[in-house]
Amino acid sequence: MSFAGFLSEYQVRPKVWDEMYEAGDIRSHYQVFFDSLSQSTSAEFTLKDELAKKLFMNQGITFTVYSDGEGIEKIFPFDIIPRIITAAEWEHIESGIKQRIRALNIFLRDIYHDQFIIKDGIIPAALMHSCPGFLREMVGVDVPFDIYTHISGIDLIRDGDGSFYVLEDNLRTPSGVSYMLENRNMTYRIFPGLLPRNNVRSVKDYPDLLLKNLLGLANRQKSEPTVVMLTPGIYNSAYFEHTTLARLMGIDLVEGRDLVVDNAKVYMKTTAGLKQVDVIYRRVDDEFLDPLIFNRESILGVSGIYYAYRMGNVAIVNAPGNGVADDKAVYPYVPNMIKYYLNEEPILKTVPTYSMNDPEHFSEVFSKIESMVIKKTNESGGYGMLMGHAVTEQEVAAYKLEVEKNPRHFIAQPIISLSSVPCFLKGKVQPRHVDLRPFALYGPQGIEIVPGGLTRVALREGSLVVNSSQGGGSKDTWVLGS
Amino acid sequence: MLSRVADSVFWMARYMERTDKILRALRTSYIASQDEMQDFNWQLWVDGLSAKSSDSIQVSNYQEALNHLILSNQNDASVLANIVRARENARSVQDYITKEVWQGINEYYHLIRDSKTEDLLLKNDPVTAFDQLLRESVLFYGTVDITMNRGEGYIFISIGKYIERVIRSLDILELQMLEIEKGGNEAMHWKYLLYSLSGYEFHTKHYKNALHMDEVIQQVFLDVQFPHSILYSLTQVERYFKRLEDISLPEYFREMEFLLGRALSNLRYNTRRHNDSVEVKGWILETRSEVKAISQKLATLYFGYSQ
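Quick note, the sequences are listed as chains A and B, same order.
Letter by letter, the first sequence follows residues 61 to 542 in our numbering.
Letter by letter, the second sequence follows residues 3 to 309 in our numbering.
For the record, the hints were derived by calculation from the structure and aren't laboratory data.
Treat each hint with caution, since some may be false.
[As the list claims (entries may be wrong)] The list that follows gives simulated cross-link-like pairs (lysine-lysine, BS3-like), each with its CA atoms no further than 25 Å apart:
1) A:134 / B:101
2) B:101 / A:108
3) A:388 / A:335
4) A:134 / A:108
5) A:335 / B:118
6) B:118 / A:114
7) A:409 / A:428
8) B:54 / A:114
9) B:244 / A:335
10) B:118 / A:113
11) B:54 / B:299
12) B:54 / A:264
[Stated by the list, open to error] Partial list, derived from the structure: chain A residues whose beta carbon lies under 7 Å from chain B:
13) 120
14) 294
15) 303
16) 306
17) 307
18) 308
19) 331
Glycine is no exception: its CB is placed at the ideal position from the N, C-alpha and C atoms.
Same shape as in the complex, but just chain A (with noise of 0.2 Å):
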């Protein structure tokens, strides 16, 4: 059957925005790639997607499915059908996004500083240091530039309405961008000539626009600062891209056994003897860092380094301290944070937040279950969510008691519909839904968002959870030029 023939057979979900479809017409932005695609066959998409998942295989690039029963290895699942975004879109996205970084990243200076947003009320002091991300260490520390969030993930979703929603931010350690890259090497494999066809922005200027950023950083007077990737290692399930980014970027990449702290300084251990290092793009979570200071049994990190870091000897990116803003009990009140910092409207939209911490809003939500989802405000991967719509009595009934322990570490918002995009999967194409991560780098010179970002991809049907420690996949993401 060819790729015309499918979509009679494309079901699109009531109420759910897909990317490609609308009442039986393609969108026009689809078009080009849909015209050059039509009488294509299930069989040569069927051809395209096995070299996809041969190419994954042979440059290794994995990943490390936890509650999964299987070896280590896995390939990264990827839908050989891009995402496309217009340029209209893309510029309504860029700014919301450049908007949000510029207001978190003045909170976090002010809530490690004269917390003045708490002063004035904006936010409630109780949930500051209720946050398991705010860092004692950090109140009072300067940080280069006052920049924090250097690299960050912004997660995206499009509801029914078709318009954007902010879903969370991730300020920590966002991972997925060297899969944003491999798929569009993929790409031009399985799909030649199509993407300078459909006008296409590059995404190959990360690791540049990175390192340059990184450099930028380095403290003493030197034309070559030593920058280095810090990883967990190799039972990391992101040490591809550790990998991959080291080399892209042409820095070592080391793990915590690897360097010494003498003096307030940072060294590692090479083969000439202890070279002094400028600038940590860490991978570590804040809690490992260094044993001196935090968790006292991590050996991922190094003992003496926030000592070196509070010094300015040593910078760390992203700082430490960033879980307090990208708790999920905040996320609601970062509008009233571009307000108050920018005194400017909220570009993007939020999604309508209820903290469980609330007894009002714990019964409303509990008494409408069935179309809320409820996280942990503290985790990541998806783990620890309750989806509404799709568990039975018992398992609210166990979550909430989870809840009532404790209250503060919960919040509920409505469930979204995500938007859909045709997959090929087992010789068909099928909608599923998709979230859009894209990856802002934040510099001495401002901020710089590469066009496109990893769109994640619930391969599983009517599934919402799009996190690849739970099986999602991915798409390439395709921006077009104006």
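We have chain A already, so just place chain B on it with the hints.
Relative to the frame of chain A, chain B by itself:
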């Protein structure tokens, strides 16, 4: 370069060279086993190629032997185990080897785990399986040669390769001498030895009194034209090591230089009789422990290991 990374690329190279030499030796042994009238002594090889006695098992035919020595994940010294280790080392230093080198090792790993390889080795034609695996090995060397820049990574890979080559050439020589002792036909076993080391054709061309112990030992130990000879390999180790001078701490460099110089002198200026098997065995033991000590010292000085 990071000490840990230098350690990893060094061992990646050692495991890859070990894999190559063992596969070549086993390929020769298999063909030999098909050629002889009496039963081929697979037990000798299984015992000989085990790192420790607990790695060895009792075998009664070539399938059991090849399975144990090549495919078994129960045998810590099997070819599979070596490739897994090479791959793990490569994986943790992906930013220092090129993408092509990493992909090559990855493909090698998938090939040896492929059930088709097992079928060829144990049910159909093992030589085809050997050739396929050895091809990956050759691809690895070629990829390293063509894609890697001649920096520290390349130097440590080369040092690792040639150190391993010395040790394995000595091991294989020792095994064949054991076979001869157990009553095998001497000339035939020298032939197999030379085939294992890819040196038979060279031997017949350059040595008048071919397949005599004297000549064989001369080639294996001292012939600098022969790329698997001990002297050639150790000379390469010294050659590559010298390139580290600019980036080494002077006292470390001098210490290694001394050990290498002494080992080379011991090789070049020895008075052992090449046709005396007792003296040759002593030579094998001495050279092997000398080279292992060199590797150990490199680890202490350059890879950050404590004494």
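For each hint, the structure was consulted:
Distance hint between residue 134 of chain A and residue 101 of chain B is fulfilled; the C-alpha atoms sit about 19 Å from each other, no more than 25 Å. Simply put, residue 101 of chain B and residue 108 of chain A have alpha-carbon atoms about 23 Å apart, close enough for the 25 Å limit, and the pair holds. Among the hinted pairs, residue 388 of chain A with residue 335 of chain A is inconsistent with the structure: their alpha-carbon atoms are about 40 Å apart, more than 25 Å. Between the alpha carbons of residue 134 of chain A and residue 108 of chain A the distance comes to roughly 19 Å, so the proposed pair stays at or under 25 Å and holds.
The hinted pair formed by residue 335 of chain A and residue 118 of chain B fails the criterion: a straight-line CA distance of about 48 Å is larger than 25 Å. At most 25 Å may separate the alpha-carbon atoms for a hinted pair to count; residue 118 of chain B and residue 114 of chain A meet this at roughly 17 Å. A distance of roughly 23 Å separates the Cα atoms of residue 409 of chain A and residue 428 of chain A; the hinted pair therefore holds under the 25 Å criterion. Restraint check for residue 54 of chain B and residue 114 of chain A: the C-alpha separation of about 38 Å exceeds 25 Å, so the hint is violated.
With a C-alpha separation of about 22 Å, the suggested pair residue 244 of chain B and residue 335 of chain A falls inside the 25 Å cut-off, and the hint holds. For the hint linking residue 118 of chain B to residue 113 of chain A, the alpha-carbon distance of about 20 Å falls within 25 Å, and the restraint holds. Of the supplied pair hints, the one linking residue 54 of chain B and residue 299 of chain B holds, its CA atoms being roughly 23 Å apart against a limit of 25 Å. With a CA separation close to 50 Å, the supplied pair residue 54 of chain B and residue 264 of chain A exceeds the 25 Å bound.
Hint status for residue 120 of chain A relative to chain B: holds, with the closest Cβ pair at about 5 Å, below 7 Å. The interface hint given for residue 294 of chain A holds, since its Cβ lies 5 Å from the closest Cβ of chain B, which is under the 7 Å cut-off. Proximity of residue 303 of chain A to chain B holds as hinted, the smallest CB-CB distance being about 4 Å (cut-off 7 Å). For the restraint placing residue 306 of chain A at the interface with chain B, the shortest Cβ-Cβ distance is roughly 4 Å, inside the 7 Å limit, so the hint holds.
Contact between residue 307 of chain A and chain B, as hinted, is supported at the beta carbon level, the nearest pair being about 4 Å apart and thus within 7 Å. Contact between residue 308 of chain A and chain B, as hinted, is not supported at the beta carbon level, the nearest pair being about 9 Å apart and thus beyond 7 Å. Annotation: interface hint on residue 331 of chain A holds; nearest CB of chain B at approximately 5 Å, less than 7 Å.
Hints 3, 5, 8, 12, 18 from the list above are not met by this structure, while the remaining hints are.
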